[in-house]
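S.K.: Here are the chains, one letter per residue:
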Amino acid sequence: MAQVLGILRTPSATAGAVRELRGAGFEKLEVYSPCPSHEIEHALDRGPSRVRIYTLVGCLTGVTLAYLMQIWMAYDWPLVIGGKPFASIPAYTIIGFEMNILFGGVLTVAGLLIHGFFLTSRRDHSAYQPSFSGDDFGCVVDCHDDQVGRVREILGEAGCAEVRVVSA
Amino acid sequence: MAAATEPLPASPDAINDDILRVLEPPSKTYVLGVLFCGALVACGVSAFLYQVYWGFGVTGLNHPVMWGLYITTFVFWVGIAHAGTLISAILFLFRAKWRNAVNRGAEALTVFSVLTAALFPLLHLGRAWKFYFILPYPNQRGLWVNFKSPLLWDVFAIGTYTIISILFFIVGLIPDIGAARDRVRDWRRHLYRVLAMGWRGTSEQWRAHSRSVLHLSGLATPLVLSVHSVVSWDFATSVVPGWHTTIFAPYFVAGAIFSGIAMVITILIPVRQAFGLQAYLRDVHFDNMGKLILITSSIVGYAYGMEYFMAWYSANPYEQMSFWYRGFGHYWWATWTMIICNVIVPLPLWFKRMRVNLAFMWIVSIFINIGMWFERFVIIMTSLSHEYDPAAWGYYFPSWVEWTILVASVAFVLFLFLIFLRMFPVIAIQEVKELHYEEAH
Amino acid sequence: MSNDLAEPRSLPRVPAAIFAALAALGAIAFFAGVLAEDTSARTYRVFLHNWLMWAALANGAVCVSAAFRLTNAGWQGPIQRIAESMGGFVAISFLLYWVIYLGRHELFEWVHHPVAGKEFWFEPGFTFLRDSLALVWVTFVSLFYLYISLRPTLGAAREAATGWRKSLYGFWTAGWRGEEVERDFAERRGRKMAAVVALSHAICYSLIAIDFIMSLAPEWISTMFPAYFAWGGFLSSISLLTIVCLALRNSPEVVPGFLTANRRHDLGKLIFAFSIFWMYLFWSQYFVIWYANIPEETGFIVARLGTQFLQDTWYMGGFMQRIAEPYVTWTLLVWLLVWVLPFWVLLGQRPKKTPAILGTIAVGSVLGFWLERYILVTPSLVPPSEVLAGAAITPLGWIELGIGAGFVGLFFLSFLGFGRVFPGAIPRAGG
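Residue numbers (the numbering used here), protein chains in the order written: chain A, 1 to 168; chain B, 169 to 609; chain C, 610 to 1040.
Hint data in this document are derived by calculation from the structure and do not stem from the laboratory.
The reader is advised that the hints may include incorrect statements.
[To be verified] Chain B is nowhere near these chain C residues, computed Cβ spacing over 10 Å in every case: (1) 649; (2) 700; (3) 826; (4) 930.
[Stated by the list, open to error] Result set (PhoX-like, lysine-lysine): computed pairs, CA atoms no more than 25 Å apart in a straight line: (5) C/801 to B/459; (6) C/801 to B/265; (7) B/196 to B/459; (8) B/520 to C/801; (9) B/265 to C/878; (10) B/459 to C/878; (11) B/265 to C/962; (12) C/962 to C/878; (13) B/265 to B/196; (14) B/265 to B/520.
Positions of the beta carbon are idealized from the N, C-alpha and C atoms, including for glycine.
When you get a sec, could you build the whole thing from the sequences and use the hints?
M.R.: Here it is in structure tokens:
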């Protein structure tokens, strides 16, 4: 396996390179970019992030836990306050709402950590260089050794400022 | 100010350099500023220890006014915090592009002021070391907290707000820390390497990142409405004249955003001048923040008017007395300061010329900060000192301990902000770049 | 383009006939109701709640256009002009206001007996004087805003116009200074007026809420209520705007295909977000009153949410007891239509973009607001105790439905007529 890196200057050029590569059958791609880009995301077409499930689960867990906690504790130590019933749904809605947000937010960040940092599909980042957090876009292709020439050609045509083989 | 119309920076790499330049070794003024704020904070800590040692008698608090400057300042700082969330979350959802140069500073301000705010209920406790009694934890006495108490809602609302605004802030920072890691060469690069957690800007990371920023915005938007509403219900759910009024929740939220935006302006204008960020913090930002100030100032003015009208309309002698006392009683000076600062002073901002006049904006923002602090002061003091029973009327004025702690709280927020300036990029680099590419497109 | 604009257009026949029939039905229902001794009070009551709904909605539509301008929204395209065409109804709602004046003896207790402590505020002459002035002002401001907004379009159309339109446009665009200048002027002046429109809506409709809704139960006070009512006018007009846009999305009157998926998404987001805000306002008022339990405040809520509203536990048996009380079902239906459904259905992205789903929710929201206005007015005039004693109340009686239909007919006749008088008011091309 070889890794070929092409360095591009704009999101649109990068998206173009990705489309060309995918059109030619290279699916093992990684793009490094200094900022998020819808174009690149569309070109890669990897579907929506799984983070959204985490938010939903968190919100529902939070609100359920909050009501259960309040109602149970209110009956565990029953006190009449303000002539209201022990389990006063309107009053409990506030903490229910806050815990809905709290759990939703915490789990969203957990989802980000899991899918953005811990369980990433790519482990080898030897192609990364500091300019990718500046103004360069990097497009890395994994391919067989005999395909390197083809990949270099596509990347060159897509307008890469520089193409090099990272590892052979 | 001619500098206000400088062109956008030419290249994305220049964006990194410009913004990260702020992180370079500090000047003497900066160090002096940090030391000065630190000294004031130390004064505040000493005042608090003095209060702990001698007890609450050293404050001005006494029957019937048992909520004083601490609660006023608590509400004030919670309010300031709201601007950051508004700019980061609500304007993000509304796709207002101008927000991206001011959001990082505003988010930092949110985190610092909500942390400061959270101190004040603790300062207000007679035995501050027992603060954990408010949390619902299993204990040998077998009792639970009262979930019908507004003070407990505060614990959850402020707690949630603190955690979510810190998370929001950190999530937004990660890519910029990655950029800082790739550039800063001194001891801080080790810190950045740890904090960046292996951020490389891969498409997978951006996808997860954008999605979580979107969701956090979606969560933070109702959260920001709820937090100050809950704070307002500390007052409104009571039956105290002047406190019990249904408009309080949206009125407090509007006031919070109003004061928060003013504080963002107060802080960002000097930062802009000091670090040469004229190309990033431009006319359009101050113009738009001026408009937000106008909207919220109008809402606050509407609420003042509505409260006074309803007090008169209610034909309820207690309500009428309470509002008469507000305008013409012992605290008339506070009330009129509040009305003038919050409703009259922002009026020139109806003209665009004044909104892009940064010197003027800065002065107005200071007035609004003062006015909004007085708003909370007026609400609390006038209602508590003149409740139903004339035999239980009283007067409250804060003691030097309380004033010291108030000043120290301002210094504390500034202190944290100054440290932040040197540690992390004050402008969201990746968002400015995104906008740069979109405009070039 | 200007030739196309000036082409005299007749009203689209079938819809115009339907709406005219509805308007006629409304007129018949109104006169039949008013002239019969036993239904006269009920008719004025129904008229009042319909008027409150449509007047606030029409002015809300002008506010929607103003909001687009103020926020530099940029996504709306022809939707802005559609909102403005809906706003034309403010002139008619101002005329209809005088019917309330005629019915004042049937509607307002304070016309006969001064309210203790509020003699000054509810002095009948003073009350109607200030409300008339407020309505004159808000109607004038809204129409003037429309005038500024339409001026550049009509300037382009007047060359080719014929007959009465030519003189109307000539009058409208007096002092024409060339298209560029006028567009720029309209843009700048329009933005200033937009701020005035929004402020006037908030203030004047707050006053209307106090004088025509709160005054029906004069002991009740709530500082939130006026703002809540004015916000309802804004939200209901966004819902109706969505319906109109969906109905016109294939019409040759507007640029075909103007209602792109993105615009549907944006309209859906507006309904979604603003209905949450509506619920927030409702909740903030309800909650404070619930918690403090002061009799002079709870009365208003008890009349609408039932006597068990303080023992708010919502277990199943309690729920069945609650909805057995008068008005409670309708109030809950309002929540369902205006908040619960828009929130849960429009949560995702796809439902917002699907015309059938978005349209259903918008129709539900408008119906919900119609019921909401009903529930704001009726229980104050016919308290639950009278209902339990046998007074007939239903939002679905012949007078209620007849007058409701009449307002729908009038509103859309005005909408269609606006497009006829001002070709290009609903633009065929561009924004």
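S.K.: Compare the structure with each hint and give your call.
M.R.: We went through each hint and held it up to the structure:
1. No Cβ of chain B approaches the Cβ of residue 649 of chain C within 10 Å, the least distance being about 30 Å, so the stated non-interface status holds.
2. With a least CB separation of 26 Å from chain B, residue 700 of chain C remains clear of the 10 Å interface cut-off, as annotated.
3. The non-interface label for residue 826 of chain C is consistent with chain B: the shortest C-beta to C-beta separation is roughly 13 Å, beyond 10 Å.
4. Residue 930 of chain C, annotated as away from the interface, keeps every beta carbon of chain B farther than 10 Å; the closest lies near 23 Å.
5. Among the hinted pairs, residue 801 of chain C with residue 459 of chain B is consistent with the structure: their alpha-carbon atoms are about 12 Å apart, no more than 25 Å.
6. For the hint linking residue 801 of chain C to residue 265 of chain B, the alpha-carbon distance of about 22 Å falls within 25 Å, and the restraint holds.
7. Among the hinted pairs, residue 196 of chain B with residue 459 of chain B is inconsistent with the structure: their alpha-carbon atoms are about 36 Å apart, more than 25 Å.
8. Using a Cα cut-off of 25 Å, the hinted pair residue 520 of chain B and residue 801 of chain C holds, with the two alpha carbons roughly 11 Å apart.
9. Our distance criterion of 25 Å between C-alpha atoms is met by residue 265 of chain B and residue 878 of chain C, whose separation comes to about 18 Å.
10. With a C-alpha separation of about 23 Å, the suggested pairing of residue 459 of chain B with residue 878 of chain C holds against the 25 Å cut-off.
11. Taken as a hint, the residue 265 of chain B and residue 962 of chain C pair is honoured in the structure, with Cα atoms around 23 Å apart against an allowance of 25 Å.
12. Note on residue 962 of chain C and residue 878 of chain C: the hinted pairing holds, with a Cα-Cα distance of about 10 Å set against a maximum of 25 Å.
13. Distance check on the hinted pair: residue 265 of chain B and residue 196 of chain B sit about 35 Å apart at the alpha-carbon level, beyond 25 Å; violated.
14. Straight-line distance between C-alpha atoms of residue 265 of chain B and residue 520 of chain B comes to about 19 Å, which keeps the hinted pair within the 25 Å bound.
Taken one by one, the earlier hints fail for this structure at numbers 7 and 13, listed in ascending order.
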